[in-house]
Amino acid sequence: MSELQLVQILSPEGELLTDPEYPLEISTEEIRALYRDLVMVRRFDVEATALQRQGELGLWAQSLGQEAAQVGSGRALIPGDYAFPTYREHGVAWAKGVPPEKLLGMYRGINHGGWNPHDNDFHLYTLVIGSQTLHATGYAMGIQRDKSNNAVIAYFGDGATSQGDVNEAFTFASVYHAPVVFFCQNNQWAISQPIESQTKVALYKRAAGFGFPGVRVDGNDVLAVLAVTRVALARARAGEGPTLIEAFTYRMGAHTTSDDPSRYRLAQELEEWKLKDPIARVKSYLTRSGLANEDFFADIEKEAEAMASKLRGDIIDAEDPYVEAIFDHVYAEPHPILEAEKNAYINYLESFAEGDMK
Amino acid sequence: MSELQLVQILSPEGELLTDPEYPLEISTEEIRALYRDLVMVRRFDVEATALQRQGELGLWAQSLGQEAAQVGSGRALIPGDYAFPTYREHGVAWAKGVPPEKLLGMYRGINHGGWNPHDNDFHLYTLVIGSQTLHATGYAMGIQRDKSNNAVIAYFGDGATSQGDVNEAFTFASVYHAPVVFFCQNNQWAISQPIESQTKVALYKRAAGFGFPGVRVDGNDVLAVLAVTRVALARARAGEGPTLIEAFTYRMGAHTTSDDPSRYRLAQELEEWKLKDPIARVKSYLTRSGLANEDFFADIEKEAEAMASKLRGDIIDAEDPYVEAIFDHVYAEPHPILEAEKNAYINYLESFAEGDMK
Amino acid sequence: MITIGKAINMGLRRALTEDPKVLVMGEDVGKLGGVFRVTENLQSEFGEDRIIDTPLAESGILGTAIGLALRGYRPVCEIQFDGFVYPAFDQITSQLAKMHSRSLGTLKLPVVVRIPYGGGIGAVEHHSESNETYFAHTAGLRVVTCSNPNDAYWMIQQAIQSDDPVIFFEPKRRYWDKAEIDEAAPSLGLHETRTVQEGNDLTLISYGPTVRTAIEVAAVCAKEGRSVEVMDLRTLSPLDLAPVFESAQKTGRVVILHEAPTFLGLGAEIASQITEECFYSLDAPVLRVGGFNVPYPPARLEEHYLPDLDRTLDAIDRAFAF
Amino acid sequence: MITIGKAINMGLRRALTEDPKVLVMGEDVGKLGGVFRVTENLQSEFGEDRIIDTPLAESGILGTAIGLALRGYRPVCEIQFDGFVYPAFDQITSQLAKMHSRSLGTLKLPVVVRIPYGGGIGAVEHHSESNETYFAHTAGLRVVTCSNPNDAYWMIQQAIQSDDPVIFFEPKRRYWDKAEIDEAAPSLGLHETRTVQEGNDLTLISYGPTVRTAIEVAAVCAKEGRSVEVMDLRTLSPLDLAPVFESAQKTGRVVILHEAPTFLGLGAEIASQITEECFYSLDAPVLRVGGFNVPYPPARLEEHYLPDLDRTLDAIDRAFAF
Ligand SMILES: Cc1ncc(C[n+]2csc(CCOP(=O)(O)OP(=O)(O)O)c2C)c(N)n1
Ligand SMILES: Cc1ncc(C[n+]2csc(CCOP(=O)(O)OP(=O)(O)O)c2C)c(N)n1
Ligand SMILES: [Mg+2]
Ligand SMILES: [Mg+2]
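Residue numbers (my numbering), protein chains in the order written: chain Y, 1 to 358; chain W, 1 to 358; chain H, 1 to 322; chain U, 1 to 322.
These are calculated hints, taken from the structure and not from any lab test. Hints should not be assumed to be uniformly reliable.
Derived pair list, reagent style EDC-like, types lysine to aspartate or glutamate, alpha-carbon separation capped at 20 Å [claimed, not checked]: (1) U:108 x Y:146; (2) U:31 x W:260; (3) W:342 x H:302; (4) Y:147 x U:276; (5) U:31 x W:121; (6) Y:147 x U:49; (7) W:102 x W:29; (8) W:147 x H:302; (9) Y:342 x H:302; (10) H:31 x Y:328; (11) U:108 x Y:333; (12) H:108 x W:121; (13) W:342 x H:48; (14) H:31 x Y:240; (15) Y:342 x U:49; (16) Y:342 x U:277; (17) W:200 x U:48; (18) W:200 x Y:240; (19) U:108 x Y:260; (20) H:6 x Y:260; (21) W:147 x H:19; (22) U:21 x Y:333; (23) W:342 x H:19.
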């Protein structure tokens, strides 16, 4: 495969191709479901962005443009497969069934992670670049020891590949044959740094030097991502060790709502990527193959609007954390000193309430 | 090149081969000089080991068996090329002209590094595995900025390749095209861990995934190491970026004098590697080609003995550090607090001398 | 009137202009000018060879900076946020801090590590930490912080001129605080504590982002008839405590205010030293006001976490109650 | 009579036997049994899946241990020497310490990090550090250390049983100290300070390797007619200071002895707290005896660096001189 080739099953124009290495058995219903996922995830992201602009969130990291990479890989997971996300994997969370409003908690500043990872086998968002790849590898080592038939998927960005931790994860996973899939969304940018400032060679090639396969997939092609991820997960479950998937995609939005990409990249680039939009191509495939009609699309739009408006309501109604939360849960076991610190602070606060303040 | 192939110019039996990719122009005098280097370095190492056994050193890390990798690469350097060693590169230090007794200081416990690196363009020994690969890369970035025509060589072990730092060094060197050669002595062991616990694939292959060439050389073949390192250094100087050299060799001694390899490896393995001894093959080549006679060998032995006995004298005579050394040089700029701490301690010590002690 | 952020930018520009060996490196420091714009426009002025956008790897940044320093350069590394310095911790503690002494004084490591630190900007996790203890406890490093634009402008230059490694903490929630700067000459050396305002009844010691809080506290106290001496440490390692001891001997009561958790925070060291030096002058134990001993909480709780005017006044009341 | 090293080995074996979720991991912990043989014979007994030889990467060790803990395991990580824990510092401070609170209590991180620490064995650089401050200052971690075989045996088991991450410091120069151990039941909980011997004139606080020194100091003082109460902290975070305050109130004089540099060493925190709690009881400021504020020196100077009997006696003299 040449440097620029990537696994593709659905062309940007919506034509269905086949890749002999990655045969995909998929029903029309499944493709329609994937389309729905993509639309819902985008709508979710649009709403969250709006909520940030309106001051309801302190920050938001958009998944715009990366929906296919996230939904395709997320839908390849079977129950019990565990996902370790960065801070941007809203589409994977969706596929894993995490209630959407929960994803907003940390961005609103009410918690540092608002769901129980074991509920949906979806770990908390991790902000320290690359760290979670080691957690994923360790978790996979646990799966091995449990002799369970599951696998783990670790998400990270193109920038993250420069971190020592990610490369250490490659080594540990390789030498232990850990059942983990390394899923790198190469969205071409790490804040203002283009991919060239992290590597001179295609990222998927990194894997070979650590002794496991790497593959580059069209990250805007939900079918190709699904197919490639399924194969990698199957390998992992079969005890054949890790795979690195490089999903070639594009960060269509800013890095986060705090960022201003006009300072470092040309609008032209975005325009080009719009032609490869991950949703448009599925729609065009469904339409031109007569697998879906206007009603289908309209229904999904309606559903998406409903989800968005519920999300908005949920988050505006979200309760602020209680003060004691500062101290609770720092330790699992009793901790007399923090207990005392908490009580002292609560008493101090109450002294104001009682009008004791000078 | 297959997994097991490696660049070789002098077979274990002492036959001269040629490798079209790595032509070596070398005079008989130079080969004889290399032979001398190898013998001197081994003799040095043997003496240091003996000094440790006799309590003159607290610890020693033997280079036994790795002389060709070290001398071959060290002799490929030209003046101004800078070397960043681990704690075992006695042969490179020799090639760089560092006075041998200086290498013993830290092992004797009189300092943490007893030479001025700028005197011989040979950095201090670094004990934290992998760290120095980043220093080497940074130094090479400096060379680039100086528009100087030199290169840097970074030494590290097979175990070190698992460290994040080493992989980060690969990334930095690659994206900046830094003039640095990464020289990995794969001596098959990291203390008790065999190479298989660090990687499932030949180490030289790591480079490709970072966008630069990797090559495996017979680390016990001083001519091949010289040839391969020269090519890599030339590439670096020509602005073509880094190269990873994996010198395939063997740690014939213990990890250090504190180690007991009988706990984790079979004596048989050592016996097999003895047949590939880096010195024997040069001797056999020189002998069978009639390029050296008994006198030549005897002279070198004599010279080596003299060096060893001088070394022994030097180290036994080495002065212990003065107490103030604890405080001096912690900072380059004045530091009133340490100054006060030093004075207080000196006064305290003097109080004993004056018999003030209760 | 210049902001602290801009003052550092100006200080960097001046250092880059005066010494061609000075480099700036870090993630997004080039075109973007850093996430806080502290390095804004430097790359267009000094080029990509001097304002170096790095790969996303903090150990890599510090490790290569050390190599550049060994080659005679003076790198100024930007760590994007306080909580992201830890991947570089090994390079900082085992290499940067120790290499000069390891070399018996032959190698100089004039590396500056700029860290925007502290909370108060409503950020997500890892973006609000005050982790100065880790560095101040590490021999071989110098640690400083600024609380106003003039210090910001001069201290960054002095840090760059130092032949020792300097950890330079920037009070991020004060980046936008404005004041005049005097471009003619610095008023103090890098390692000098400043008496911000004199007072007789109590000494209030602070540094970085909480100096402004301390000044506000003193104003409230003044209205209550308590005369508070406010000190801005500026230098955390080495500490410059002579003026602090003098003040403590005068006032007999000391409160130390910082954002970092109190447990092994700088306050602990300072309190111990004051007590040892001024034992007979103290009318009350030295009291500490700091962050709680917990991970920095989510943004919607940070006003509780951050030691503020009221908590400091409360401590002052307690000091007077002894 | 059992050595400290052997006692930890026995404690590990018992924990491994009693709970199949307990794992041991690190560099050379398998066949070699660790460079100090603390994990000797465990791999042959419990297999390679439970006694895991890792690649040479400390961040990797801690990061995968966290993943294993998330999956329900209880990994005990060995860091080969104190000075090699820093590559794992990010995983420890930003992940291990914070993940439980990040998850609002839903995730448990029962990871133990064993660190042989301190000097006195004539080692080369990075092999003799006392870096407990870094961890004790980090909320979310528990930090303990043992000073004798019985504590070693029990505390390692208690650390493994804790649902919180525990940094377990092992006093390497005392690995070969011998004493009886009581395999029936522990005498104290993991987070309890022990009064080693009672006294009335001065309280001498220590932990880990210098507890033995403290006992020797007390013996010398006894001959001089000074009755010294010796306390072994055992737990560095959380501190258990109630018995210390009580003692200080009784004696009025306190000296703290540890190997770590005094600047922001544990002594600073303890001194500050004692002064605050026992202000009116103190006849002298709490004095600290510790390592100098320098990188750990070469072996031939370590006897000067290490706070010993004489330096402690000197501090005690100074305490009595107030
Ligand atoms: C260790 C660390 N250093 C720096 C940062 C600041 N930071 C946040 S996101 C980011 C860029 C990440 O780029 P990439 O890995 O490509 O992921 P993307 O944001 O594109 O999804 C940086 C530098 C961080 N979060 N963690
Ligand atoms: C960061 C770090 N971790 C652990 C150690 C302890 N240690 C010293 S040497 C060594 C093995 C090194 O193996 P390798 O890189 O193959 O080099 P070799 O000793 O074989 O030359 C280890 C684990 C260390 N020095 N630094
Ligand atoms: Mg990216
Ligand atoms: Mg090796």
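Violations among the numbered hints = Violated hints: 3, 4, 5, 7, 8, 10, 13, 14, 15, 19 and 23; rest satisfied.
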